[in-house]
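With chain A held as given, fit chain B onto it using these hints.
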Amino acid sequence: MEIALSWYLGLSAVLFAIGVAGVLFRSNLIIILMSVELMLNAVNITLVALSQYMGEVSGQILVFFVMSVAAAEAAIGLAIVIAIFRNKLTVDVNNINLFKW
Amino acid sequence: MLAESLFILLGTVSVVAALGMLIARNPVTSALWLILTLFCVAGLYLTLSAEFIAVVQVLVYAGAIMVLFLFVIMLLNLGALPQLEKMDWKKALGFVLCVIVLSQLVFIVATSLQLMPATATVAEDAGAATTIAKTLFTRHMLDFEMIGVLLLVATVGALMLAKRKFA
Chain A
1048 MEIALSWYLG LSAVLFAIGV AGVLFRSNLI IILMSVELML NAVNITLVAL SQYMGEVSGQ
1108 ILVFFVMSVA AAEAAIGLAI VIAIFRNKLT VDVNNINLFK W
Chain B
2 MLAESLFILL GTVSVVAALG MLIARNPVTS ALWLILTLFC VAGLYLTLSA EFIAVVQVLV
62 YAGAIMVLFL FVIMLLNLGA LPQLEKMDWK KALGFVLCVI VLSQLVFIVA TSLQLMPATA
122 TVAEDAGAAT TIAKTLFTRH MLDFEMIGVL LLVATVGALM LAKRKFA
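Here the protein sequences come in this chain order: A and B. The first sequence runs contiguously to residue 1148 in this note's numbering. The second sequence runs contiguously to residue 168 in this note's numbering.
Excised from the complex, chain A in its bound form (with noise of 0.2 Å):
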């Protein structure tokens, strides 16, 4: 293994930032998610590097328990932007603002 561990940690903070940019710009709530799902990724490729670096399995388990994690946060959240849009008829969440002060 001849990279470093920094070059992976590096990318992770990158992808993260990308992610972090997509929730706070953007107003499609899908493309909200799909950011979310984004920050998940560079999180799990910090835990796998990790994780090999050191010679111990347990980061790659949590990236398992990780992806299940998201998976479910996919389903649970798309659900609800359904539910939204067949309220509002939209995705904007300029529009959704029954909790805004």
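Derived by calculation from the structure, the hints in this document are not laboratory data. Accuracy of the hints is not assured; some may be wrong.
As the list claims (entries may be wrong) - Derived coverage of chain A by chain B (criterion: at least 3 residues anywhere in the stretch with Cβ under 8 Å from a Cβ of chain B; other residues may be distant):
(1) 1049–1056
(2) 1061–1068
(3) 1071–1081
(4) 1090–1099
(5) 1103–1113
(6) 1123–1132
To be verified - Quick list of simulated restraints, FRET-style, between CB atoms:
(7) Val56/B - Gly1102/A: 20 to 26 Å
(8) Val1113/A - Arg26/B: 25 to 31 Å
(9) Ile1127/A - Ala129/B: 36 to 42 Å
(10) Gly1057/A - Thr139/B: 32 to 38 Å
(11) Phe1112/A - Lys91/B: 33 to 39 Å
(12) Val157/B - Val1113/A: 18 to 24 Å
(13) Asn1141/A - Asp126/B: 47 to 53 Å
Said to hold, decoys possible - Simulated pairs of lysine-lysine, DSSO-like, Cα-Cα distance not exceeding 30 Å:
(14) Lys91/B - Lys1147/A
(15) Lys1147/A - Lys1135/A
(16) Lys91/B - Lys1135/A
(17) Lys1135/A - Lys164/B
(18) Lys1135/A - Lys135/B
(19) Lys1147/A - Lys164/B
From the three backbone atoms N, C-alpha and C, an ideal C-beta is built for every residue, glycine too.
Just chain B now, kept in the frame of chain A:
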């Protein structure tokens, strides 16, 4: 040398595809860019010799989850957004927050460089399914069963949300 060029290729493509997801106006285009990112991340797992996680990444993320996203996008029949959203103070604040998050993460990585192991001694089967299964089904057995319960609850919850008639 080969591993380094492979890492640079996969890393560049994944970052470019993530940016494509960020700026694409059409949700379907956005989802396709994200699928490319997820495939590149699977390739990065292969360069880390984590074969099992790479396969699960392609099956679960690039397969199941993204098909679910594309299905919902096409079900809702969302068109492309017509115009770029205008820059207001909220967007500027968001940009500042984003830069702060990125610089914090890079700062943490840069300041902990000397703590990191310089050379990795990865065992031959460190990412194989058997190695992961041995730990998963002994030390983490209860966690594994809890994940099963979580997925069941998520399925029931998604059904409830989808079937319920809201006023």
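Problem set entry | Whether chain B covers the segment 1049–1056 of chain A (at least 3 residues having a Cβ closer than 8 Å to its Cβ atoms) | holds (count 8)
Exercise. Between Gly1057/A and Thr139/B, does the beta-carbon spacing fit 32 to 38 Å?
Worked result: Holds, since Gly1057/A and Thr139/B (Cβ atoms, about 34 Å apart) stay within the stated range.
Problem set entry | Coverage claim, chain B over the segment 1090–1099 of chain A, checked by counting residues with Cβ within 8 Å (three needed) | holds (count 6)
Problem set entry | Cβ contact check, 8 Å cutoff: the segment 1123–1132 of chain A against chain B, three residues minimum | That given contact holds, which follows from 8 residues of the segment 1123–1132 of chain A lying within Cβ reach (below 8 Å) of chain B.
Exercise. Between Val56/B and Gly1102/A, is the Cβ distance one that fits in 20 to 26 Å?
Worked result: For Gly1102/A against Val56/B, whose Cβ atoms are near 21 Å apart, the range 20 to 26 Å holds.
For this session: Could you say whether the range 18 to 24 Å given as a hint is met by the Cβ separation of Val157/B and Val1113/A?
Result: 22 Å, holds
Exercise. Regarding Ile1127/A and Ala129/B, is the given constraint of 36 to 42 Å on their beta-carbon distance met?
Worked result: Cβ of Ile1127/A to Cβ of Ala129/B: about 38 Å, so the range 36 to 42 Å holds.
Problem set entry | Coverage claim, chain B over the segment 1071–1081 of chain A, checked by counting residues with Cβ within 8 Å (three needed) | holds (count 9)
Exercise. Does the alpha-carbon distance linking Lys91/B and Lys1135/A stay inside the 30 Å limit?
Worked result: OK: Lys91/B and Lys1135/A at ~24 Å, within 30 Å.
Problem set entry | Given hint Lys164/B paired with Lys1135/A - CA-CA distance at most 30 Å | 16 Å, holds
Exercise. Should the hint that Phe1112/A and Lys91/B are 33 to 39 Å apart at their CB atoms be regarded as holding?
Worked result: 34 Å, holds
Exercise. Is the Cα-Cα distance between Lys1147/A and Lys164/B 30 Å or less?
Worked result: 26 Å, holds
Hint 18 from the list above is the single one not met by this structure.
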